[in-house]
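Trainee: Here is how the chains run, residue by residue.
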Amino acid sequence: MQTFHALITITLRKGILDVQGKTVEQSLHSIGFDTIADVHIGKHVELNVRAESESEAYALVQDACAKLIANPIMEDFHVALQPVASETEAV
Amino acid sequence: MKFGVVVFPGSNCDRDALHAASHSAGGESVALWHKDSSIPDGIDCIILPGGFSYGDYLRCGAIARFSPIMKEVIAFANKGGLVLGICNGFQILTEAGLLPGALLRNTSLNFICRDVHLHTENRSTPFTSAVPDGRILRFPIAHGEGNYFADAATIEELEAENRVVFRYCTPSGEVTPEANPNGSAHNIAGIINKQGNVLGLMPHPERACDAVLGNSDGLAVFESLAQYALSTVL
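Read top to bottom, the protein sequences are chains A and B. Sequential numbering from 13 applies to the first sequence in our numbering. Sequential numbering from -2 applies to the second sequence in our numbering.
Keep in mind the hints are simulated off the structure, nothing from the lab. Just so you know, these numbers come straight off a predicted model, no measurement behind them. Hints are supplied without guarantee of correctness; some may be wrong.
As a list, the in silico DSS-like pairs of lysine-lysine whose alpha-carbon atoms are at most 25 Å apart [stated by the list, open to error]:
(1) Lys26(A) x Lys79(A)
(2) Lys32(B) x Lys191(B)
(3) Lys55(A) x Lys26(A)
(4) Lys55(A) x Lys34(A)
(5) Lys79(A) x Lys76(B)
(6) Lys(-1)(B) x Lys76(B)
(7) Lys34(A) x Lys68(B)
(8) Lys(-1)(B) x Lys191(B)
(9) Lys79(A) x Lys55(A)
(10) Lys79(A) x Lys(-1)(B)
(11) Lys68(B) x Lys(-1)(B)
(12) Lys32(B) x Lys79(A)
Some, not all, of what chain B presents toward chain A, calculated at C-beta under 8 Å [as the list claims (entries may be wrong)]:
(13) Glu92
(14) Gly98
(15) Ala99
(16) Leu101
(17) Arg102
(18) Leu106
(19) Asn107
(20) Phe146
We put the CB at the ideal spot given by N, CA and C, even for glycine.
Pulled out of the complex, with its shape left as it was, chain A reads as follows:
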């Protein structure tokens, strides 16, 4: 078993108006950041998962996202995995 660290980014599905993003964008423009566009606000979830392989860990986190961490009806999610150095390796 290996431990993997997952970084999960959740954003509103494309096509759904991101009102928070729009509001922040307008606010940025009002204070002079005219060149900033396409602001989107999302959520960031981090977790550790134990699995036999990276692909197994990936599948498990994808499943967890689909079932609970994100709501696929309104949200997209992206999972990035990194192996966590084991204790023996750390020594």
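Knowing the structure of chain A, use the given hints to seat chain B on it.
Mentor: Just chain B now, kept in the frame of chain A:
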């Protein structure tokens, strides 16, 4: 008519629902704890009340949807039992997949707490049969995430099957963008499932059940349910 009102940690309209179902509507009501793994015999209708179950952590209703009692609520619904989800209860029903779509943040980004007017689009449901024809209902809303969203195909299906039960409207009953408090698709305030036994709505009928509180429009929902229960017994 016996109502079971589920109490989640963070529910805050459970007492209102219990009171409305029993005291105002003349039924019987019992509280059901979210950790219960069975529903007592004799319950005709389960209410998922408003509030902030689990502090709205992650998403509204996302955690409550996995409470032990929800397995029983889903089984109850699948057997044809009546389920009414109000506000947070509606959010829980969509998270649980008992109703399609999802509730997004209000387009204004504000938590909105005021009365709205509703046009009852479908009066042939167990929840709305006692709403007088042409009567515009006034219910309070209190939510930050009540902006009903579903993909275009789902909305089309809801409309085609007459499953949009309540729509936000003006006091005179016109469905206009101005009457839409939260940005909901097609001014949708409440929908019903395909089988017609699970209803979710953002406005609060249970908070409008007593003339002494200035509004008893919500009684129509509870009276409809009572009539339905009676008709199935006879």
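Trainee: Could you run down the list of hints and mark each one as holding or not?
Mentor: Right, here's what the structure says about each hint:
no.	hint	in the structure
1	Lys26(A) x Lys79(A)	20 Å, holds
2	Lys32(B) x Lys191(B)	28 Å, violated
3	Lys55(A) x Lys26(A)	15 Å, holds
4	Lys55(A) x Lys34(A)	16 Å, holds
5	Lys79(A) x Lys76(B)	24 Å, holds
6	Lys(-1)(B) x Lys76(B)	17 Å, holds
7	Lys34(A) x Lys68(B)	38 Å, violated
8	Lys(-1)(B) x Lys191(B)	23 Å, holds
9	Lys79(A) x Lys55(A)	16 Å, holds
10	Lys79(A) x Lys(-1)(B)	33 Å, violated
11	Lys68(B) x Lys(-1)(B)	20 Å, holds
12	Lys32(B) x Lys79(A)	20 Å, holds
13	Glu92	7 Å, holds
14	Gly98	7 Å, holds
15	Ala99	4 Å, holds
16	Leu101	6 Å, holds
17	Arg102	6 Å, holds
18	Leu106	6 Å, holds
19	Asn107	11 Å, violated
20	Phe146	6 Å, holds
Consistency note: the structure conflicts with the earlier hints numbered 2, 7, 10, 19.
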